[in-house]
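2 protein chains.
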Amino acid sequence: MLIAEVSEKFELSQDTLRYYERVGLIPRVNRKNSGIRDYTEEDCRWVEFIKCMRGVGLPVETLIDYVRLFQQGDETLETRKELLVEQHKELLIRMADMQKVLERLEGKIDRYDQMIGTAHQITGFSPVNFVESKGK
Amino acid sequence: MLIAEVSEKFELSQDTLRYYERVGLIPRVNRKNSGIRDYTEEDCRWVEFIKCMRGVGLPVETLIDYVRLFQQGDETLETRKELLVEQHKELLIRMADMQKVLERLEGKIDRYDQMIGTAHQITGFSPVNFVESKGK
DNA sequence: GCTTGACTTGGAGTTAACTCCAGAGAGTAA
DNA sequence: TTACTCTCTGGAGTTAACTCCAAGTCAAGC
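Protein chains in written order, with our numbering: chain A, 121 to 256; chain B, 121 to 256.
None of these hints come from the bench; they were simulated from the model. It is possible that some hints are incorrect.
No copy is singled out in the list; a pair is fine if it fits within one copy or between any two copies.
[Said to hold, decoys possible] Quick list of in silico lysine-lysine cross-link-like pairs, DSS-like style, CA-CA up to 25 Å:
(1) 201 <-> 171
(2) 209 <-> 220
(3) 171 <-> 209
(4) 209 <-> 152
(5) 152 <-> 228
Between the sequences and the hints, there should be enough to build the whole structure, so can you do that?
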């Protein structure tokens, strides 16, 4: 598979694909005689995996570590697992934070709805204290 | 309240607090005669709010818009609400993505557990296909 | 009056993660 | 052969969001 096809398939620019390979986010892709990249199915799976993980913000550094460990073979199974467990933990924390913000936004939106509904009656009422001061 | 106290209280560097104000992430803080910032409770609430929103990745640009709209008064209530609704929507999307990744990581971790448990029996078994090829 | 420490401003520097570019080579089409 | 298209590499440039720095001000303590 040529880089143009992989780029199309995963909606990643060719530059990004080359960058991923250069920094070690995916293992080195084989070249044809002419030096042109020829992506295998396996390569594509790596691309998809990395795109997915980057998509939710796993750090490039960490993913590079994972790929490096992977290439070192079975001795690193434990370490790789621990790396994944750590990332799983981080994700959980971030999702909990987001859940909190989600609820906070909902509260704020509700209050805006109320204010908009009665906006003409209560002129001079400061939105500052009403909206911002709740749940300091 | 002095900048040092606010910095301490919210665990944001003084530079970050000044930066937030400079770019409009929080409204302008009043100064004493000597020119030194004197944060009110209201200012602190803004700092907390912005820290919280930035913490889950809402873009600086968007939050600046929100603050700007806020300062324009009641005419922007509707717009502000829409902005919050949009961010709420985005958060939901991101959380759904993260949920998927969470499950994917769990699957991967399970497979690593299996492999580690039987690592001595199955020598020569390639982790590449076993771990990476599932659920292409 | 002088030193010290916290604060000010404007502007430059940093970091992460791409993104773009110049110059060159290979393969195909006329 | 010439032109065109796709790709290559190494390196420079960009963007977002801080982070650091130099030079200066001010209030308090000695």
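Going through the hints against the structure:
Taking the shortest Cα distances, residue 201 and residue 171 sit within 25 Å of each other inside one copy (19 Å), while across copies they are farther apart (33 Å). With identical chains, the CA atoms of residue 209 and residue 220 are at most 25 Å apart both within one copy (17 Å) and between copies (14 Å). Taking the closest pair of Cα atoms, residue 171 and residue 209 come within 25 Å of each other both inside a single copy (20 Å) and across two copies (22 Å). Neither within a single protomer nor between protomers do residue 209 and residue 152 lie at most 25 Å apart by alpha-carbon distance, with minima of 41 Å and 45 Å respectively.
For the homomeric pair residue 152 and residue 228, neither the shortest alpha-carbon distance inside one copy (58 Å) nor that between copies (32 Å) is at most 25 Å.
Hint compliance for this structure: hints 4 and 5 are broken, all remaining hints hold.
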